[in-house]
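Taken in sequence, the protein lines are chains A and B. Residue numbering for the first sequence follows the working numbering, beginning at 80 and increasing consecutively. Residue numbering for the second sequence follows the working numbering, beginning at 152 and increasing consecutively.
Treat the hints as calculated values from the structure; they're not laboratory data. Some clues are possibly wrong.
DSS-like cross-link-like pairs, simulated, lysine-lysine; straight-line CA separation at most 30 Å [stated by the list, open to error]: (1) K254(A) to K343(A); (2) K228(B) to K659(A); (3) K173(B) to K652(A); (4) K659(A) to K260(B); (5) K173(B) to K254(A); (6) K652(A) to K169(B); (7) K225(B) to K659(A); (8) K173(B) to K343(A); (9) K214(B) to K343(A); (10) K659(A) to K265(B); (11) K214(B) to K652(A).
Since the model is a prediction, treat every value here as computed from it, not as a measurement.
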Amino acid sequence: MSATLALRPSRICPATGRTIDLGAERLIRVNAVVAVVALLVGATAALLLALTRWQAVHLLPAAWYYRILGVHGMNMLIFFIIFFEMAVLWFAGTVLLNARPAAPRYGWFNFGLMLVGSLTVETMQWSGRADVLYTSYPPLKAHPLFYLGIILFAVGALGVAGQFFATLTIAKREKTYIGSMPLVVYGAMTAAIIAVITLLHGAMIYIPTFLWSIGVLKGINPQMYRLLWWALGHSAQQINVAAMVAIWYMLGALTVGAVVLNEKVSRSAFVLYILFISMASAHHLLVDPGFGPAWKIVNTSYFMYMAVLASMVHGFTVPAGMELGMRLRGYTHGMFEWLRKAPWGDPGFSSLILSVVVFGFFGGITGVTIGTEQINIIAHNTLRIPGHFHATVVSGTAMAFMGATYYLIPLIFQRKVAFWKLARIQPYLFAGGMLLVEFGMTFAGSFGVPRRHWDISFAQAPFDVPFSPIVDLFLAMVGIGGIIAVTGAYSFIIIAVKSVFFGERVTEFPRGVAVEGIPQGLTNPPVHSADANEINEELHSPAHGWAGPTPGTLVLVGVFFLAFMLYYFTNWKLLSFLWKIG
Amino acid sequence: MLTRVHTGLDPVPGVWWKPAHKAEKVWVSIAFAWCIVLFAMMPLWHWKGGQNPSGVRTRVTPKAYYARTVAFVKQYKVGTDRGLPIVAPPPGSDVYLVGLTYQWYPILKLEQGKEYMLHMSSLDMNHGFSLYPMNINFAVVPGFDYALRVTPTVAGDFRIICNEFCGIGHHTMVGRVIVVDSTGATVADNHTAQVGHGGGL
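Model the full assembly from the supplied sequences, consistent with the hints where possible.
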């Protein structure tokens with residue numbers, strides 16, 4: 080350890096032997112706690128919304144439906160996710176590199192900015208002074224403090240990203256690690272770089288909009304707003320993707336000893352994210368009047384789908400890393416022993432696998448399909464859109480963050496995970512409920528049911544719109560799935576709050592003994608065979624065949640690829656049934 | 152020689168720029184080829200397909216656009232329904248549709264199999280054009296005239312749902328498009344109209 084670090088208050092982690100800076104640890108804790116509070120608000124809003132879209136229940140009155148919809152969007156997509164990502168950045172920058180944080184006091188200042196910003200936004204939304212939904216498209220206008228709150232929040236987050244880069248620089252200079260930074264930190268760095276790009280777009284649009292709301296600017300071009308806002312709104316989701324993939328690699332390592340198959344391949348895929356991902360603003364503008372076909376095609380495809388390529392690469396390397404890791408631990412029988420013998424009762428592992436599968440199969444395939452220029456005609460602003468992004472942001476990112484939390488509670492908060500039996504089933508409960516929501520939304524959306532709509536019975540409209548009765552079934556799926564998923568989210572929150580504030584302290588991690596409340600990856604850490612390097616060389620050798628060290632994963636990605644092609648071309652077929660449009 | 156076995160949590164000493172195994176190369180190649188297919192499908196559909204969001208896109212002030220619509224309604228009005236004019240323009244002509252909180256103006260009456268230039272714009276907020284039950288969706292943005300060549304391929308009584316949040320009355324914003332078939336049979340009243348249920352994946 081470096082001399083500088085030794086001067087700072089720190090502790091040695093009893094599970095991993097890492098040096099943990101106490102200043103950084105406090106920042107990780109406080110950001111994670113606020114993230115969970117935002118999740119509580121967002122999940123409660125979700126329940127109210129699901130019970131309103133379920134036409135048979137139709138709980139909220141119109142004004143409150145739209146208000147709570149804005150609250151839900153802000154709390155989930157911005158406050159919960161970004162506060163958690165701040166915790167991830169502090170964790171990856173310091174704990175994973177044995178490093179000290181850059182300017183922790185400034186970290187508290189940034190945290191304060193973000194907190195004040197988010198409380199301002201909450202106040203405006205709950206008091207009905209910002210009924211403009213999450214997107215706040217002008218000419219809809221909110222109270223100036225709404226925009227100011229978002230700007231403060233963004234400045235704070237930008238500051239933390241800057242501190243993360245400074246922390247990386249310090250770690251490098253103080254030689255807290257040898258060689259190249261770990262892949263997980265590299266992924267977190269990718270997220271931080273995308274965050275900077277995203278937040279700069281946010282500044283470009285929210286500062287003029289704030290000036291417009293106080294009367295300094297006369298108007299905002301609505302099409303320009305949509306372009307720049309989505310360079311914030313969609314790119315923000317790519318921060319999540321990068322952070323989530325980093326957490327996939329981390330949970331894989333902690334739960335089953337997943338190895339990095341090839342650093343070059345995984346890191347190049349992260350670079351593709353940085354280069355191409357902010358073009359995704361176009362996904363939201365495919366049926367807009369402000370842009371021509373060439374612009375739409377180049378941008379919606381991230382310049383020939385290079386960011387999709389990146390995700391398909393991670394979609395292989397993450398499970399393949401798990402497979403090889405398990406094989407190097409002796410689970411070598413057949414195609415899938417590594418999967419059968421995996422720790423399915425460890426909430427860290429089940430969250431990981433559910434996140435990978437639902438993100439890839441549901442979120443990824445639907446996203447690429449509806450983000451196709453022409454197919455977007457049968458998807459834009461229907462319920463297919465939230466059907467897609469709940470599969471990515473909730474079943475993918477939030478699920479991965481929950482899985483990481485089950486390991487952070489003992490490692491960072493030094494507590495046992497409370498209600499352990501509940502924790503073991505929580506990922507399945509949450510993922511199952513969300514799948515119902517996502518299927519319900521996607522199918523209802525295929526019938527043209529609009530998103531962000533209070534009443535599709537159109538009781539107060541001048542003309543009737545007789546949706547097929549099956550739509551009621553799909554919306555009931557959204558309602559019932561919503562109840563199950565929110566039960567899963569509440570379970571997570573109760574577990575996290577009980578553990579963190581009232582949980583049993585953990586001072587040591589007994590090896591080889593299963594302890595209730597400590598995930599198996601910590602009490603029984605995955606260890607590779609002593610001759611793992613030799614086995615690895617042998618598995619990679621040409622004599623072993625072209626399928627290489629991970630034949631099971633090849634089968635899985637093959638199934639994925641077939642599903643992708645089927646869904647994609649089916650949508651072209653459906654499109655061809657429409658009126659002629661050009 | 153491979154990089155020594157390590158996880159994503161370990162720093163990597165030395166040079167990690169090593170060749171990937173054949174299986175990885177195969178998957179990356181398949182993925183890359185698929186990305187090219189995904190990309191090529193879009194220009195291909197512009198060339199061979201019948202549904203593209205291209206159109207003719209121009210800037211327009213809400214005032215000028217409203218004036219055009221009023222003139223259009225005056226020229227081709229054939230009736231009224233619920234206080235809204237029903238307008239039956241001749242095939243091949245420019246058709247104007249206005250979105251304003253919380254109404255689509257006017258009601259359009261078109262002929263099956265004939266092409267029209269359908270203009271859409273908004274006088275106030277962003278609105279969303281969603282044709283029920285065809286599930287055809289376009290963004291309607293104030294200050295922009297989005298003109299699409301459309302050919303209704305089926306007759307029936309259609310609805311326009313607003314699918315972009317435009318204010319507290321958003322869910323009451325429904326318009327009407329009537330398409331008559333080649334025999335000239337009109338679909339006069341939506342209560343007797345045959346409307347198929349759209350759907351699919």
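Now the hints, each set against the structure:
{"no.": "1", "hint": "K254(A) to K343(A)", "result": "23 Å, holds"}
{"no.": "2", "hint": "K228(B) to K659(A)", "result": "25 Å, holds"}
{"no.": "3", "hint": "K173(B) to K652(A)", "result": "35 Å, violated"}
{"no.": "4", "hint": "K659(A) to K260(B)", "result": "17 Å, holds"}
{"no.": "5", "hint": "K173(B) to K254(A)", "result": "35 Å, violated"}
{"no.": "6", "hint": "K652(A) to K169(B)", "result": "43 Å, violated"}
{"no.": "7", "hint": "K225(B) to K659(A)", "result": "27 Å, holds"}
{"no.": "8", "hint": "K173(B) to K343(A)", "result": "14 Å, holds"}
{"no.": "9", "hint": "K214(B) to K343(A)", "result": "58 Å, violated"}
{"no.": "10", "hint": "K659(A) to K265(B)", "result": "10 Å, holds"}
{"no.": "11", "hint": "K214(B) to K652(A)", "result": "40 Å, violated"}
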